[in-house]
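K.L.:
Here this note's numbering is used: the first residue of the sequence shown is 10, the next is one more, and so on.
Warning: the hint list may mix true and false statements.
The calculated label-pair distances, taken between Cβ atoms and stated as ranges, are [claimed, not checked]:
| # | residue 1 | residue 2 | range |
| --- | --- | --- | --- |
| 1 | K108 | K77 | 26 to 32 Å |
| 2 | P485 | A39 | 50 to 56 Å |
| 3 | W504 | F300 | 46 to 52 Å |
| 4 | I650 | C442 | 53 to 59 Å |
| 5 | I287 | E267 | 30 to 36 Å |
| 6 | L475 | I369 | 28 to 34 Å |
| 7 | S69 | E267 | 32 to 38 Å |
For lysine-lysine, the following DSBU-like pairs were computed, each having C-alpha atoms within a straight-line distance of at most 35 Å [stated by the list, open to error]:
| # | residue 1 | residue 2 |
| --- | --- | --- |
| 8 | K229 | K108 |
| 9 | K649 | K414 |
| 10 | K229 | K107 |
| 11 | K108 | K185 |
| 12 | K229 | K323 |
| 13 | K483 | K419 |
| 14 | K229 | K118 |
| 15 | K253 | K483 |
| 16 | K253 | K447 |
| 17 | K323 | K649 |
| 18 | K414 | K483 |
| 19 | K81 | K118 |
| 20 | K118 | K323 |
| 21 | K52 | K128 |
| 22 | K77 | K118 |
| 23 | K271 | K118 |
| 24 | K271 | K52 |
| 25 | K447 | K316 |
| 26 | K185 | K253 |
| 27 | K508 | K420 |
| 28 | K323 | K414 |
The hints are simulated quantities; they were obtained by calculation from the structure and are not laboratory data. Note that the structure is predicted; figures quoted are calculated from it, not measured. The C-beta atom is built at its ideal place from N, Cα and C for all residues, glycine as well.
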Amino acid sequence: FSFLQERLRYTLVLLLLLHGADSFYVPGVAPINFHHNDPVEIKAVKLTSSRTQLPYEYYSLPFCQPTKITYKAENLGEVLRGDRIVNTPFQVSMNVEKKCEVLCNFPNKPVTLTVEQSKLIAERIREDYYVHLIADNLPVATRLEFYSNREEEEKKKEKDVQFEHGYRLGFMDGNKFYLHNHLSFILYYHREDVEENREPTYRVVRFEVIPQSIKLEDLKADEKSMCTLPEATGSAPQEIDPSKENQLLFTYSVHWEESDIKWASRWDTYLTMSDVQIHWFSIINSVVVVFFLSGILSMIIIRTLRKDIANYNKEDDIEDTMEESGWKLVHGDVFRPPQYPMILSSLLGSGIQLFCMILIVIFVAMLGMLSPSSRGALMTTACFLFMFMGVFGGFFAGRLYRTLKGHRWKKGAFCTATLYPGVVFGICFVLNCFIWGKHSSGAVPFPTMVALLCMWFGISLPLVYLGYYFGFRKQPYDNPVRTNQIPRQIPEQRWYMNKFVGILMAGILPFGAMFIELFFIFSAIWENQFYYLFGFLFLVFIILVVSCSQISIVMVYFQLCAEDYRWWWRTFLVSGGSAFYVLIYAIFYFVNKLDIVEFIPSLLYFGYTALMVLSFWLLTGTIGFYAAYMFVRKIYAAVKID
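Let the hints inform the model, and build the full structure from the sequences given.
P.N.:
Okay, structure coming up:
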């Protein structure tokens with residue numbers, strides 16, 4: 010994954026040049042230098058499970074607590090993700106080994122779990138929960154080693170290494186539950202170059218854990234909180250019986266290793282995807298298919314149009330031989346305003362808002378400014394950008410509404426500012442109530458919800474009004490032909506001109522161009538993986554824009570040739586056809602890839618999927634609509650009309 014490494018390096022070099030050697034600080038990514046024996050704080054983030062999709066905070070389970078619990082102040086993205094970063098009683102010092110130490114402050118006095126606590130732990134183990142800790146902002150990972158090929162095992166004892174985020178809370182064997190009560194931390198440091206007589210400084214570059222389950226009797230603890238680990242073969246695991254009280258010790262050990270990995274590349278381990286080949290293959294495949302189809306479509310359309318325009322613009326004497334047919338016939342109706350122009354312009358305004366937000370977020374992330382080390386930055390940036398892009402959404406919606414002969418601009422602006430965000434807020438609020446009921450940390454706290462409402466009505470709404478006002482005052486789009494007084498009758502349409510058939514046909518190409526990327530995005534959201542392939546995503550986004558525009562132009566051309574001039578709403582609906590395929594894919598993913606059985610996790614999955622599909626439909630529908638509108642204006646400007 011060296012290109013990411015290079016990009017981070019270049020970014021850091023640039024920053025060094027800009028700020029001078031001692032003062033480069035990107036928010037959240039300033040390296041911390043430790044001296045020997047300096048404390049390295051271990052914090053807990055949350056507990057997660059891909060089976061329930063409900064995060065919980067660390068102390069929702071009866072782990073050992075420090076004397077004073079302090080929560081880190083979080084940004085908006087962290088709160089929305091369910092992170093609750095809190096201190097833990099682990100005492101870790103830079104480059105200081107610890108063989109085995111008891112965690113809670115009772116030397117050789119075990120922790121007693123009540124029946125309720127035992128039941129809760131057993132339930133969380135059954136639900137496959139993982140614990141997430143961080144040291145110096147690096148998340149803990151569990152190393153998984155496996156041999157890639159059994160035959161070659163003898164020749165070269167090389168193992169494939171992959172990392173799992175966090176560590177498993179425990180495991181089940183039959184109907185018995187076992188808790189991982191001993192954690193072996195392995196921390197890797199990089200020794201920095203310092204002048205000769207200076208004390209050496211170290212930076213943390215990797216944080217691994219090996220969780221173990223060791224029975225109370227096998228952990229021999231003394232008065233100084235030290236303990237001795239049993240031999241690996243002779244120890245029994247620590248069982249948690251949910252029907253009675255359980256006694257156990259929480260212990261940990263610390264081991265330090267020197268590493269060649271530089272601080273700038275320390276995230277590479279977590280971001281290593283074994284599927285970069287699949288990505289390149291899929292992207293090259295998409296690019297070739299899309300450009301091949303684009304070329305064919307463009308040639309056909311340009312040739313047909315040239316022929317059409319040449320025929321329509323011939324002298325009158327040939328007019329008798331050629332029966333007028335095709336798209337020229339509907340020139341008097343093609344710009345007739347559709348039904349519900351206010352709702353159409355509002356939806357397109359929200360689509361523009363989404364388009365600007367997604368474009369900027371992906372571009373900024375591609376430059377490496379939203380790295381996973383600054384937690385929640387992506388969500389926070391997306392929320393704020395959506396609010397501020399209200400100006401553009403309002404402007405385009407206002408101008409289109411004026412073109413469609415709308416008069417009530419204040420109502421139109423209010424509709425643009427509240428229609429899509431209102432639906433999103435409504436769905437999220439209902440889902441949030443269910444999450445609250447489960448006491449999960451994924452529930453958005455009431456103050457955050459009030460803050461989001463204030464942002465919506467205090468930033469987004471005024472900006473949409475501002476944009477709408479200027480858009481409505483601006484000259485409307487210039488339509489090249491006049492609209493007749495009396496609407497023309499529409500001939501009976503063939504079966505393949507049906508809206509739903511159009512949606513199915515138009516959705517295939519854009520969906521095919523991006524569906525591999527969709528798999529990785531779904532894994533990142535639902536299976537707690539890191540997603541950092543924004544360079545790929547940017548390419549896919551461009552391919553999506555191109556394919557949506559082209560399909561939309563082809564569909565509107567066929568429709569006008571069939572003498573059906575009601576293209577405004579239809580183009581918007583049909584261009585968003587790939588959203589229908591995204592919905593089908595989400596259902597397929599739920600059935601095949603996820604192990605969700607309970608009602609509330611399923612509700613969460615389909616609630617958030619509905620939001621994704623709605624947003625995707627708005628985005629692709631808007632791209633297609635504007636492409637088709639420009640096309641229609643171009644072709645009618647090219648023919649002579651009496």
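K.L.:
Determine for every hint whether it applies to the structure shown.
P.N.:
Comparing the hints with the structure gives:
no.	hint	in the structure
1	K108 - K77: 26 to 32 Å	27 Å, holds
2	P485 - A39: 50 to 56 Å	51 Å, holds
3	W504 - F300: 46 to 52 Å	31 Å, violated
4	I650 - C442: 53 to 59 Å	58 Å, holds
5	I287 - E267: 30 to 36 Å	34 Å, holds
6	L475 - I369: 28 to 34 Å	19 Å, violated
7	S69 - E267: 32 to 38 Å	37 Å, holds
8	K229 - K108	13 Å, holds
9	K649 - K414	25 Å, holds
10	K229 - K107	15 Å, holds
11	K108 - K185	29 Å, holds
12	K229 - K323	100 Å, violated
13	K483 - K419	15 Å, holds
14	K229 - K118	11 Å, holds
15	K253 - K483	74 Å, violated
16	K253 - K447	24 Å, holds
17	K323 - K649	9 Å, holds
18	K414 - K483	13 Å, holds
19	K81 - K118	31 Å, holds
20	K118 - K323	100 Å, violated
21	K52 - K128	25 Å, holds
22	K77 - K118	21 Å, holds
23	K271 - K118	42 Å, violated
24	K271 - K52	23 Å, holds
25	K447 - K316	65 Å, violated
26	K185 - K253	13 Å, holds
27	K508 - K420	29 Å, holds
28	K323 - K414	34 Å, holds
In this structure, the earlier hints numbered 3, 6, 12, 15, 20, 23, 25 are contradicted, and the remaining ones agree with it.
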